[in-house]
Amino acid sequence: MFTVPMVLALATIALPRLSTPPEITLRVVDRYTGQQISGAEIVLGDAVAKTDTDGSVALQSTAENSSVLIRSDGYDDISTTLPRDGAREWQVALRPAKLRGTLIDASSSRGISGAIVALTAPDGTEEITETDDLGNYAFSSVPQDAVVRFASGDHGVVEEEVGERTVIDIALRPTFVTGRVTDNTESPIANARITAGNGTAETFTSKDGSFRLTGSDSSDEVRISAPGFAEQTLSVSENRQVVAALEQEVIRAVYANLGVLGDPERWNRLLEIADTTEINAIVIDVKQDTIYYDTAVPFFREIDGMVTPVLDLKAILSELDAHGIYSIARMVVFKDPVVAQGRPDLAVRDEVTGGLWFDMNGAPWVNAFNEELWVANAELGAELGALGFDEIQYDYIRFPSDGDLSTADFGLDYSEAGRRAAITGAVALGSEYVRSSGAQFAIDLFPIIALLGDDQGIGQTLQDLTPLADYVCLMIYPSHFITGNIPVDGHPNDFPAETVTYTLEQSQEWVPGTMNKMRPWLQDFTYPLEGYSSYGPLEVRAQIDAAEAMGVSGWLLWNAAGEFEAEALTRE
Numbered sequence: 001m002f003t004v005p006m007v008l009a010l011a012t013i014a015l016p017r018l019s020t021p022p023e024i025t026l027r028v029v030d031r032y033t034g035q036q037i038s039g040a041e042i043v044l045g046d047a048v049a050k051t052d053t054d055g056s057v058a059l060q061s062t063a064e065n066s067s068v069l070i071r072s073d074g075y076d077d078i079s080t081t082l083p084r085d086g087a088r089e090w091q092v093a094l095r096p097a098k099l100r101g102t103l104i105d106a107s108s109s110r111g112i113s114g115a116i117v118a119l120t121a122p123d124g125t126e127e128i129t130e131t132d133d134l135g136n137y138a139f140s141s142v143p144q145d146a147v148v149r150f151a152s153g154d155h156g157v158v159e160e161e162v163g164e165r166t167v168i169d170i171a172l173r174p175t176f177v178t179g180r181v182t183d184n185t186e187s188p189i190a191n192a193r194i195t196a197g198n199g200t201a202e203t204f205t206s207k208d209g210s211f212r213l214t215g216s217d218s219s220d221e222v223r224i225s226a227p228g229f230a231e232q233t234l235s236v237s238e239n240r241q242v243v244a245a246l247e248q249e250v251i252r253a254v255y256a257n258l259g260v261l262g263d264p265e266r267w268n269r270l271l272e273i274a275d276t277t278e279i280n281a282i283v284i285d286v287k288q289d290t291i292y293y294d295t296a297v298p299f300f301r302e303i304d305g306m307v308t309p310v311l312d313l314k315a316i317l318s319e320l321d322a323h324g325i326y327s328i329a330r331m332v333v334f335k336d337p338v339v340a341q342g343r344p345d346l347a348v349r350d351e352v353t354g355g356l357w358f359d360m361n362g363a364p365w366v367n368a369f370n371e372e373l374w375v376a377n378a379e380l381g382a383e384l385g386a387l388g389f390d391e392i393q394y395d396y397i398r399f400p401s402d403g404d405l406s407t408a409d410f411g412l413d414y415s416e417a418g419r420r421a422a423i424t425g426a427v428a429l430g431s432e433y434v435r436s437s438g439a440q441f442a443i444d445l446f447p448i449i450a451l452l453g454d455d456q457g458i459g460q461t462l463q464d465l466t467p468l469a470d471y472v473c474l475m476i477y478p479s480h481f482i483t484g485n486i487p488v489d490g491h492p493n494d495f496p497a498e499t500v501t502y503t504l505e506q507s508q509e510w511v512p513g514t515m516n517k518m519r520p521w522l523q524d525f526t527y528p529l530e531g532y533s534s535y536g537p538l539e540v541r542a543q544i545d546a547a548e549a550m551g552v553s554g555w556l557l558w559n560a561a562g563e564f565e566a567e568a569l570t571r572e
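For the sequence shown, the working numbering begins at 1 and goes up steadily by one.
Misleading hints may appear alongside valid ones.
Okay, derived cross-link-like pairs now, EDC-like style, lysine to aspartate or glutamate, Cα gap no bigger than 20 Å in a straight line [unchecked claim]:
id : residue 1 : residue 2
1  : K207      : D169
2  : K98       : E127
3  : K98       : D154
4  : K335      : D390
5  : K207      : E247
6  : K314      : D350
7  : K335      : D285
8  : K98       : E202
9  : K335      : D350
10 : K98       : D46
11 : K335      : E371
12 : K335      : D409
13 : K335      : E319
14 : K314      : E371
15 : K314      : D345
16 : K314      : D294
17 : K335      : E302
18 : K314      : E247
Hints were generated in silico from the structure; no laboratory data involved.
Using the sequences plus the hints, can you model the full thing?
So this is what it looks like as structure tokens:
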């Protein structure tokens, strides 16, 4: 009795399915979170329905295949087709198209107002807005795979892929450091160099000693240096400020050539002089004709005979450090005979013979116009700085001066402008590389350029080169001057103090206010020419006193044999 009515009932339900549209449950969710979206609009023909609190809506399809548009504020619209005879439940995921967030200062936690926020689509189209007073920003139509970029003058630039995020809050570290640099009497130091600890930014102090260093967001330290003062590395405070008081540093050096460095007795004699007198620095020969240590610079390693690793620089530097001695690496740049012979394409050529050009001493020179040489020497300087030298000194950073230059072929514009541009380029690159290694950078220059102002055929001028170096080492050897170079009654060799004073005075005619960059080479030898007076302790001391009276940041004593007049030095 009960079986027949049940079958009839089923038949009654099944029949309408053949004649009435099926009901479909559509659920709308967030593609990224999976959460239901309530209030989403479902457009089916002329009818519009909205999802309820669980993100669903019941639909009656009216055709074999029902086309629907699904939309919700803050999401991309979706158009899809619901087949009549498909599943009775459908889920549609909408991609969020809004992006908002806040930019804050990482050090103060305050909002950053007025920052530029740029949203870039894959096709390159861009939408730009600014953060409000609280650091907030918002976009209402974010393309898929977009990139957002935040830029604030004091906080640098940060770029983020939006991905599946609808909120991107960014804490930006200030990219600036402010501060003031004085000496130990609290007098301001102008033109002190301020460098981010990681080398990403650099600036100089103004006349009142203040500075603002931008672009240093990833560095918590700054390096502060000024000619005539000991360098300091200081931590940046939470408020991104640094106050520095620099101690005056006067460098007083002697010179050690390869012969001295290879002779323990002579080397120990120099160390004894440094330990017992005012000498606090030694200039170490590392490159002259060949390189005296095992350099890793590829350019030099590829030239046969160029690398002769007879010095253990790490041991030398360790010994200097143990004695508290400032280390200066001297490297000859363009008087490079082994390079000239190994790479004749980089050498000065003789237009008569077609071969290498030789100076009056029979040495070939490399051609300072070749930028490959600039780079190789800059890399060597940086390597020496990284090894631990306090200072790198370029010598022979010039065109040749001695020999029959009428036959020398430099291949390019051998005018004063051309020569100056080449030497300036080489010095600028060397300065950049050396300073990036943390060392100071010095250049040896002919003193005649201080007297006359032009390049004297060698490409050097104080005007070009002084701004690029930490220290300028004019080679003021009175014996090398000629009568009439300075206003004295006789040969300058007989006037050691006057020669030094006049040369330094004249230097300031071309680069005023740079006496603290001047660290001259002084003569501690007797010139072997008949009629020239000998140089002993009195003559050496006269030069030292004259240089110090002019306010230089130090001096260097030159004696090619490494034998110095210790009696000329103040004992300590």
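Hint-by-hint comparison with the structure:
1. K207 to D169: 40 Å, violated
2. K98 to E127: 13 Å, holds
3. K98 to D154: Given that 20 Å is the threshold and the Cα spacing comes to 27 Å, the pair is violated.
4. K335 to D390: Not satisfied, since the Cα-Cα distance of roughly 24 Å exceeds 20 Å.
5. K207 to E247: 18 Å, holds
6. K314 to D350: The hint is violated at about 41 Å.
7. K335 to D285: 14 Å, holds
8. K98 to E202: Roughly 40 Å between the alpha carbons, so the hint for K98 and E202 is violated.
9. K335 to D350: This hinted pair holds, its Cα atoms lying about 16 Å apart.
10. K98 to D46: 28 Å, violated
11. K335 to E371: 15 Å, holds
12. K335 to D409: Within the cut-off at roughly 16 Å; holds.
13. K335 to E319: Measuring from Cα to Cα gives roughly 30 Å; hence the hint is violated.
14. K314 to E371: 30 Å, violated
15. K314 to D345: Not satisfied, since the Cα-Cα distance of roughly 34 Å exceeds 20 Å.
16. K314 to D294: Holds, because 11 Å separates the two Cα atoms, which is no more than 20 Å.
17. K335 to E302: 18 Å, holds
18. K314 to E247: 27 Å, violated
In summary, the numbered hints that this structure violates are 1, 3, 4, 6, 8, 10, 13, 14, 15, 18.
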